[in-house]
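K.L.:
Sequence:
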Amino acid sequence: MKMADGSTILRRNRPGTKAKMFNGWPDEPFEEMDSTLAVQQYIQQQIRKEPSNIEVILTPPDGQDEGVWKYEHLRQFCMELNGLAVRLQGECHPETCTQMTATEQWIFLCAAHKTPKECPAIDYTRHTLDGAACLLNSNKYFPSRVSIRDSSVTKLGSVCRRVYRIFSHAYFHHLNIFDEFEVSPMFCRHFSHAFPFP
-7 MKMADGSTIL RRNRPGTKAK MFNGWPDEPF EEMDSTLAVQ QYIQQQIRKE PSNIEVILTP
53 PDGQDEGVWK YEHLRQFCME LNGLAVRLQG ECHPETCTQM TATEQWIFLC AAHKTPKECP
113 AIDYTRHTLD GAACLLNSNK YFPSRVSIRD SSVTKLGSVC RRVYRIFSHA YFHHLNIFDE
173 FEVSPMFCRH FSHAFPFP
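Take -7 as the starting number for the sequence shown in the numbering used here and just add one per residue.
Mixed in with the good hints, there may be bad ones.
Straight-line distance between alpha carbons at most 16 Å, and here's what the computed EDC-like set of lysine to aspartate or glutamate pairs gives [unchecked claim]:
id, residue 1, residue 2
1, Lys41, Glu20
2, Lys132, Asp142
3, Lys41, Asp19
4, Lys62, Asp142
5, Lys147, Glu58
6, Lys62, Glu47
In case anyone wonders, no lab produced these hints; they're calculated from the structure.
All chains, full assembly: derive it from the sequences and hints.
P.N.:
Here it is in C-alpha cells:
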C-alpha cells in the first residue's frame, strides 16, 4: 500500500518490534489488497480490529468466492488452535487423558493411522492439527488460494468435525484452559458461527 506521499507501508513486524506496536500498521481496504494472500490478510485484519465482533469477521467482501472464504477461515482457525494445543500440553497427558473423549458417550478414533484407532487426547490433537496443516497446504487439493474447486471444498468438512472434537475435549475435561483460551479471541464462538453443525 502506498501512502499519499509516495512511501510504502510494510505490512510485517520488523525484528525488535515492541509488543504494543505488533501488527500496528493501518487497515487496508480489501479492494486494494493485491496479493494472492488477500483473503487471509483481510480475515486477520478483521480479527485484529474487532476480535469479539463475529459478524464482521465472518462477513465476506462483496464478490468473494465462498469456497476460498471458508478455506481461509479454516486455515486461520487451525493456526490459532495451536495455541490451545500448547496450553493443553501442560495438563492433558497420555496417562490422564488416555482417549479422545468429550463426554463418556463418545470415544473418537484418530484418522492419522493406517486404520483409525484410539489415541491419547493430546496425540489426537497433534495428529489432527498436523493432518489439517498437510491437507490445507496440499497442492493437490488446494493449488490456488484465489479459487478452489468444489471437490476440494468438500474436504473441509472432515477437518471441521475433527477440530470440533478438540474443542469438546478441552471444554469437558480442561474447562479452565478452555475458558482462558476462549476469553480474548472468542475463538470457539467464532468457529461455531463459521462452520455450524446440525
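K.L.:
Now tell me if each hint is right for this structure.
P.N.:
Checked hints:
As the CA atoms of lysine 41 and glutamate 20 are separated by approximately 11 Å, the hinted pair is consistent with the 16 Å bound. Pair hint lysine 132 plus aspartate 142 holds up; C-alpha atoms about 13 Å apart against a cutoff of 16 Å. The straight-line distance between the Cα atoms of lysine 41 and aspartate 19 is roughly 8 Å, inside the 16 Å bound, and the hint therefore holds. For the hint pairing lysine 62 with aspartate 142, the CA-to-CA distance comes to about 12 Å; that is within 16 Å, so the pair holds.
Distance check on the hinted pair: lysine 147 and glutamate 58 sit about 14 Å apart at the alpha-carbon level, within 16 Å; holds. For the proposed pair lysine 62 and glutamate 47, the alpha carbon gap of about 14 Å is at most 16 Å, so the pair holds.
In terms of the numbered hints stated before, the structure departs from none.
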